[in-house]
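**Q** Take a look at the letters that make up each chain.
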Amino acid sequence: MGMNIQEATESPLVWQPQTAEEAWKYKQSYGDDGVYIAGGTLLRTQWEAGTAIPPRHFIDLNSIPGLNEISIGEEGLLIGSQTTLQACRANPLLQRHFPMVIAAVRTIAAPSIRNLATIGGNIVSVVGDSITALLAYDAVLVWYNGVKEQEEDLADWLPEAAKPGNRHDRLLLRLLLPFKAYRKEETPCSSEEGQVNSDTKLFHAYHKIGRRESFTPSLVTVSVSGLLTRTGVIEELQIAVGGGQTIPGRLEEAERAVKGKIVDNAMLAYLYDRIIELYEPREDIFASAAYRKRTAANLIVTELWKAFGGLSEQGG
Amino acid sequence: MSDKVSGNELANGLTCSINGGVQSIPASPSKTLLTLLRDDFALTGTKRSCDIGRCGACMVLIDGKPFNSCLTMAYQCCGKQITTIEGLSAGGIGSIQQAFLEEGGFQCGYCTPGMIISVKALLDDNPDPSDDEIAEALSGNLCRCTGYGGIWRAVKRAIELIGCQ
Ligand SMILES: Cc1cc2nc3c(=O)[nH]c(=O)nc-3n(C[C@H](O)[C@H](O)[C@H](O)COP(=O)(O)OP(=O)(O)OC[C@H]3O[C@@H](n4cnc5c(N)ncnc54)[C@H](O)[C@@H]3O)c2cc1C
Ligand code: FES
Ligand code: FES
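Heads up: the protein sequence lines correspond to chains A and B, in order.
Counting along the first sequence from 1, when you hit position 111 you're at 98 in this note's numbering, and nothing is skipped either side.
Counting along the second sequence from 1, when you hit position 84 you're at 88 in this note's numbering, and nothing is skipped either side.
Check before you lean on any hint, since a few could be wrong.
[What the hints assert, rightly or not] With the C-beta cut set under 7 angstroms, the calculated list includes, among others, these residues of chain A facing chain B:
| id | residue |
| --- | --- |
| 1 | V1 |
| 2 | A97 |
| 3 | S99 |
| 4 | N102 |
| 5 | S201 |
| 6 | T203 |
It should be emphasised that the hints constitute simulated quantities derived from the structure, not laboratory data.
Note that CB positions come from ideal geometry on N, CA and C, so glycine has one too.
Using the sequences and the accompanying hints, generate a full structural model.
**A** This is the structure:
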């Protein structure tokens, strides 16, 4: 049975650092007995379930100025780690340039939880539902390691972070979503698709499959985006998969295998088989690995088929 | 490094505004806002049900936005403006409550304070929401009795009533 959190966290000390360096020092001082807290929504769930012990020292990251801002940097959009999921959901820059992130955030919990929960907490959880969308955009994490800022691709960090016994001492400051040259002229993306010019077409989709329609943990999450020519050749393709306790990842081998190919039945069948082969979901009592593989493969192949269909309807 | 903010109790107690009045009380920083409201302030209109963020019965407004008070800890409320269902009724029954009464938006009524808080947050932000926006705003509020039909009608009626004001 889970521990009574009210009792177990009766007397924590709450530290409110003013800088990343101070937060880091608190973490170094208290080790496993000190925990970085952003919104605390995941941590409270873990304490309640008994999967983590409530610490004696709370290191409150909300007190550090400037970590909850979204701004345009030289290389892309910068999102402070303390930005709440609901602030992400409402942000016009994210809506315009990174619509899959909006689609993902919209599926996480409910607005009242998103008012407390942060994008940083979602990422550091390693299995947050925003991660597949961020992977498809080649997100870069910016950490503070006690000495300096350190950049690391989200895709490189995930497998390391998921290793048992990994200590999360570094502080996530922000993430960078790079602007891609080929997406530069993307139209404001409230719609599902965007025309880059008369010869090419951008497409993107995020899906979360759970056991209920809304307010549900995920079984499978999928992000797929790319660029098609008028003749149906795949010029760019990003496929990311995750869901449940599966560590999300890009299916780069599948992407490479079909890039430069024309979208037709044979190519879609081949891609379907590659996804079944490459995606390694964790199963649980609710859904088998085979079900999750089929679901992901169906969603991805359908999106490509829809993107090409849309192009043909426009006279491509 | 900055000073320790709190020990067993917040340094100067928790100071925040509750339903318009400034309140200062000693509180353990990890105590939930739900426990504070119900046990320390006797504001029992805010309901306890799942206690883990899944049902919405404990919904309150913090600085005008909806939050689950069972997930929100005392230290996260310092300096904030908190509004509970009692705060919405201070000047008599409001349009949203009237709409719930007219349209049968409740049966046992246990989810109702949380529902009304979520509808208040939605309509303050967006007086003419689409069906999708209503569904998203209420996605964290569960009702075991009504099947949601009466609640849906009540939200539509509240939009009309507020629009006529
Ligand atoms: C009812 C409910 C429903 C939920 N539904 C979903 C869902 O549908 N999808 C989903 O993905 N999640 C869901 N969650 C989980 C959780 O709310 C989210 O993952 C949320 O984004 C976590 O953010 P937080 O700020 O609350 O993190 P916290 O709980 O504060 O922290 C989470 C972890 O990240 C660490 N951390 C936080 N910020 C940093 C940082 N800047 N640097 C280093 N470490 C850091 C913390 O130490 C902790 O280990 C749900 C939770 C609840 C209670
Ligand atoms: S009691 Fe808070 S969400 Fe259920
Ligand atoms: S009216 Fe009974 S739970 Fe909603």
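**Q** Are there hints from earlier that the structure breaks, and if so, what are their numbers?
**A** When the structure is compared with the hints, only number 6 turns out to be violated.
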